[in-house]
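Listed in order, the protein sequences are those of chains A and B. One point on numbering: in my numbering, the residue at position 90 of the first sequence is 90, and numbering is uninterrupted. Count along the second sequence from 1, add 1000, and you get the number used in my numbering.
Note that these hints are calculated values from the structure, not bench results. Keep in mind that the hints are not guaranteed to be accurate.
Unchecked claim - Computed Cβ-Cβ distance ranges for the label pairs, DEER-style:
#, chain 1, residue 1, chain 2, residue 2, range
1, A, P8, B, S1075, 44 to 50 Å
2, A, P80, B, S1104, 32 to 38 Å
3, A, S65, B, D1073, 40 to 46 Å
4, A, K42, B, S1104, 34 to 40 Å
5, A, Q79, B, S1119, 37 to 43 Å
6, A, D81, B, I1063, 30 to 36 Å
7, A, T5, B, T1058, 24 to 30 Å
8, B, G1055, A, E70, 22 to 28 Å
9, B, T1076, A, D81, 35 to 41 Å
10, A, S65, B, I1103, 20 to 26 Å
11, B, P1014, A, S14, 42 to 48 Å
Only a predicted model underlies this, so the values are computations on that prediction, with no experimental measurement involved. Beta carbons: idealized from backbone N, C-alpha and C, even for Gly.
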Amino acid sequence: DIQMTQSPSTLSASVGDRVTITCRASQSISSWLAWYQQKPGKAPNLLIYDASSLESGVPSRFSGSGSGTEFTLTISSLQPDDFATYYCLHYNSYFRTFGQGTKVGIK
Amino acid sequence: QVQLVQSGAEVKKPGASVKVSCKASGYTFTSYYIHWVRQAPGQGLEWMGIINPSGGSTSYAQIFQGRVTMTRDTSTSTVYMELSSLRSEDTAVYYCARGRTFISSWFDYWGQGTLVTVSS
């Protein structure tokens, strides 16, 4: 099974900061990776699919990059609405695996 | 618009079973796969399995093999997830989510989640 290692597990940042979250796959998953944002008590919300494609309606400050085993989610200028937990998801096989999550908090 | 509406919260005793439903609307039910994902309190997301609403075929995560059963009712566009032999560690929010293909597809829509509490 493919393992996804996400880092950091938590980070503190200020409004306006550039934030980067990384996901590493235990083997190559091509570009079969998505990023989700989750707020307390809510279902995850799709941000990025196929590693770098922005989901319709998602602000352009969110971007994704990478392929193979290393992937990055970047928030170019953190906004108050962005304080949440972020997860990566691989879909290289029928058996999906999520990263452990990154909680973005206020510094 | 696409909606996945799940059944309400459940409280079960250890050893019992729970059956959670996920009713789809706003798209052709048999054209998309449904996944189940759970999230224990304060924890991350855990994939449980997938069902093809068209033919009913399923694949489950190994850790749930033998305890989970996913079924569908095409007449009501509803998918069900039944988990048996419940233990306290199964206390979690259970989500259904839609995917376009068996592999190589992300989850684009999610249900609102169903809290299952296992307690004596």
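Hints versus structure:
no., hint, verdict
1, P8(A) / S1075(B): 44 to 50 Å, "holds, 48 Å"
2, P80(A) / S1104(B): 32 to 38 Å, "holds, 35 Å"
3, S65(A) / D1073(B): 40 to 46 Å, "holds, 42 Å"
4, K42(A) / S1104(B): 34 to 40 Å, "violated, 26 Å"
5, Q79(A) / S1119(B): 37 to 43 Å, "holds, 39 Å"
6, D81(A) / I1063(B): 30 to 36 Å, "holds, 35 Å"
7, T5(A) / T1058(B): 24 to 30 Å, "holds, 28 Å"
8, G1055(B) / E70(A): 22 to 28 Å, "violated, 37 Å"
9, T1076(B) / D81(A): 35 to 41 Å, "holds, 36 Å"
10, S65(A) / I1103(B): 20 to 26 Å, "holds, 22 Å"
11, P1014(B) / S14(A): 42 to 48 Å, "holds, 46 Å"
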